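Colleague: Knowing the structure of chain A, use the given hints to seat chain B on it.
Protein chains: 2
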Amino acid sequence: MAKDKVKPRILTGFMELLPEDQILFNKIYDTIREVYESFGFLPLDTPVIELSEVLLAKAGGETEKQIYRFTKGDNDLALRFDLTVPLARYVAQHSGQLTFPFKRYQMSKVYRGERPQKGRFREFYQCDIDIIGNEELDIAYDAEMPAVIYNVFRKLNFGKFTIRLNNRKVLNGFFESLGLENQISDILRNIDKLDKIGRDNVIEELEKLGIEKDKINSIIDFISISGTESEKISALRALNIDNEKFTEGVCELEKVTEYMKDFGIDEDYFTIDLTIARGLDYYTGTVYETVLDDYRSLGSVCSGGRYDNLTEYYTNTKLPGIGISIGLTRLFSQLKDAGIIKAERSSLVDCLVVPMGVDMSYVLKTAKAVRDAGLVTDVYYANKGMKQKMKYANKLGIPFVAVIGEDEVNANTASLKNMATGEQITVSIDNIGNEIKKQMGE
Amino acid sequence: MAKDKVKPRILTGFMELLPEDQILFNKIYDTIREVYESFGFLPLDTPVIELSEVLLAKAGGETEKQIYRFTKGDNDLALRFDLTVPLARYVAQHSGQLTFPFKRYQMSKVYRGERPQKGRFREFYQCDIDIIGNEELDIAYDAEMPAVIYNVFRKLNFGKFTIRLNNRKVLNGFFESLGLENQISDILRNIDKLDKIGRDNVIEELEKLGIEKDKINSIIDFISISGTESEKISALRALNIDNEKFTEGVCELEKVTEYMKDFGIDEDYFTIDLTIARGLDYYTGTVYETVLDDYRSLGSVCSGGRYDNLTEYYTNTKLPGIGISIGLTRLFSQLKDAGIIKAERSSLVDCLVVPMGVDMSYVLKTAKAVRDAGLVTDVYYANKGMKQKMKYANKLGIPFVAVIGEDEVNANTASLKNMATGEQITVSIDNIGNEIKKQMGE
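Those protein sequences? They're chains A and B, same order as listed.
Our numbering numbers the first residue of the first sequence as 40 and each following residue consecutively.
Our numbering numbers the first residue of the second sequence as 40 and each following residue consecutively.
Bear in mind the hints are in silico, worked out from the structure with no lab data behind them.
These numbers come from a predicted model, not from an experiment.
Don't take every hint at face value.
As the list claims (entries may be wrong) - Here chain A is said to cover these stretches of chain B; the calculated rule only asks that three of the stretch's residues, wherever they fall, bring their Cβ under 8 Å from a Cβ of chain A: (1) 44–50; (2) 133–139; (3) 166–180; (4) 192–206; (5) 349–359; (6) 460–472.
For glycine and all other residues, C-beta sits at the position ideal for the given N, C-alpha and C.
Chain A with its partners taken away, still in its complex shape (with noise of 0.2 Å):
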């Protein structure tokens, strides 16, 4: 062939998995979509592509450098970054049609053009899901989306974890009867590295700041509040701080806490920590973050909170809303080089049919049987040896093999073998599928 073969490769920061781990993944991608759905939250499947102008109504700075942005024709169009921008639209262009509080889930991928480093990803899913109030929505909502996550993250079974939880309007409070509103970023940022650097080396950065001693002995108290939620709470209101917005937040985190429970969170599972704050500029109430125990060097899995207005640069509408996302792609390269999951099967199928020199007809009507009793099915076609076939079987991880001979064939039966026990039993074509749900449920 004279053509040259073009080398078939894929762009880096680009995950793209083997069948074993494809399933592992489709696996957890299918537990967060059930938990989500049977929240009552609603399915949504907005374009890849969208006008730039649309897209980017909000967007500035490091987002828009990122953009995967090109003209087609007379269109100047970009790859959706994330699924929140896509949701502002989607509720401006659709308000008059949607119930609210409107719920919904999408969990798809978005693109970023970063510059690629292990961990992250220019493609990548996304798993949100936002609850979205006309004019106003319940303070409850802001207790259901952290029973989402602990309902996620339990049916994950990725091990103990902990949800974070705090107010900003606790901290814009806080920080506004100290007079601190306008360093409240670069305190934050220092307050951060809190667990890392150590409490003296962040009073040390927040004196370089040029904060006063004795707001920065506030500002440790603050931080250093312990307990329980309730001696959390106390502690806060004890802090008798005259600000009208502080005491709003630490009335919602109370009753925030309070529903949790009533929500049936494990309180093992959660704590308020007042130093979370999440985006500065677009958070407004609630916020969260949730890290696994034993890995909190993944930092946070899952994360979200309260926001006063989604639809601000499309409508005069006001929408407030409360979201959480999952960033699946990154969290499950991350677990599986953790070695937290693992893929188990390299195939689907729950039995495989392996004929051996016998008439395809009750081959095919044995594997229909089996197919029909709702289990996955394959049948190994090829003219190859019995020890070949049980080969494949077991690379592929193949629960069961019923082989077909004549003798099988002559007594309407199969040979069926648990490739787990290496027992194998005949049985009739009528029972096979029975007998293989039986065997599993063992």
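Modeller: Relative to chain A, chain B alone:
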């Protein structure tokens, strides 16, 4: 606010659905996925963005013009325009790590910057399955493909359909025997119009191509072959065509239709159609089309066939395959327009818990009990009147409402209303999940 608002909108040619339609779409998507998996197809998820050099190794002409292609940094990039090229690239790239025959499904969006017109989309879902063999691939797979189609469309329940199949060896062998191998595509294009323009006009068109009268008669005899599938096979054999390819093709056709019956495909649902060719340069054996009997004008809703070599642009290894594709976005849009499918629910919620001025703690525990029973559950938190809350449930098509007032809290019960029958009963919280499931089953 000084800043002008951006008009929220999406590009033409992109499908975006309201929740009720998205629920319907997902139901169809999930059904297709479930059937694909039941035959042991493995999930695959390739990047939307690939290197142009890789993605366009084969492409040219019309396809290339439709591509979304752009640069980012030093990279010449393109959005995938189908799922077959990414599959070829994937198999060539990972052939050493895959087990053959490799059965994969991919149900993802692809991109074509066509001039948008009714029923044509620039972003659309393709739902593909392919089976790739290493050097060889058993003929039984040619019958498995229509078995999958049969199971998908029986489950989807869009009404009676017919899988039309043919074999390219039969076609090519036949036209070779007439010495017309160089005019096959012109001839087939005219034959394709048989239904529309009638036999006489087809003959006239074939004459215009300069084909001799006796050959035209042979062609007409060939495409007029009718009867049962075995009668058609006999009639093909009776043509006594001395061409090896033709003979092989007829044998394959015979075997495939026999196997199809063994796969449990009702004979009313398939037919040999000697006028079907599909993509002329691509397919080399069995080819398929699927039409909905009552909506033939929709064209083929699922097509595919066998090809000799998937990866020729990337490797020298010969990897024959067979595959089918459902263009789900277009199909969904057509079925909806034709009134064949329609949205049934605006919500996934099975039971809405409605508090009437009571403590939230009890309400949330009730919701948890319903959710823990495996039912999709939501709570109406907003402080509205009973009438408005019922109206909300009605509007969304939620089948059950659990009302919680003071009496219910005191008695540890809920008032469960079946919205379809209007019946209302008092149930204990421990039993509410089972009660709903019981009523749902009725």
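Colleague: At least three residues with a C-beta closer than 8 Å to a C-beta of chain A: is that true for the region 133–139 of chain B?
Modeller: holds (count 4)
Colleague: Can you take a look at whether the region 349–359 of chain B is actually covered by chain A? Rule is 3+ residues, C-beta closer than 8 Å.
Modeller: It holds: at least three residues are needed, and the region 349–359 of chain B offers 6 whose Cβ sits within less than 8 Å of chain A.
Colleague: Would you check chain A against the region 44–50 of chain B, counting CB to CB pairs closer than 8 Å, and say if three or more residues qualify?
Modeller: Three-residue rule met by the region 44–50 of chain B, so holds; n is 7.
Colleague: Count the residues of the region 460–472 of chain B with a beta-carbon closer than 8 Å to any beta-carbon of chain A: does the count reach three?
Modeller: violated (count 0)
Colleague: With a Cβ-Cβ cutoff of 8 Å, does the region 166–180 of chain B contain at least three residues near chain A?
Modeller: As far as the region 166–180 of chain B goes, the hint holds, because 4 residues have Cβ atoms under 8 Å from chain A.
Colleague: Three residues minimum, CB to CB under 8 Å: does the region 192–206 of chain B make the cut for coverage by chain A? Let me know.
Modeller: violated (count 0)
Consistency note: the structure conflicts with the earlier hints numbered 4, 6.
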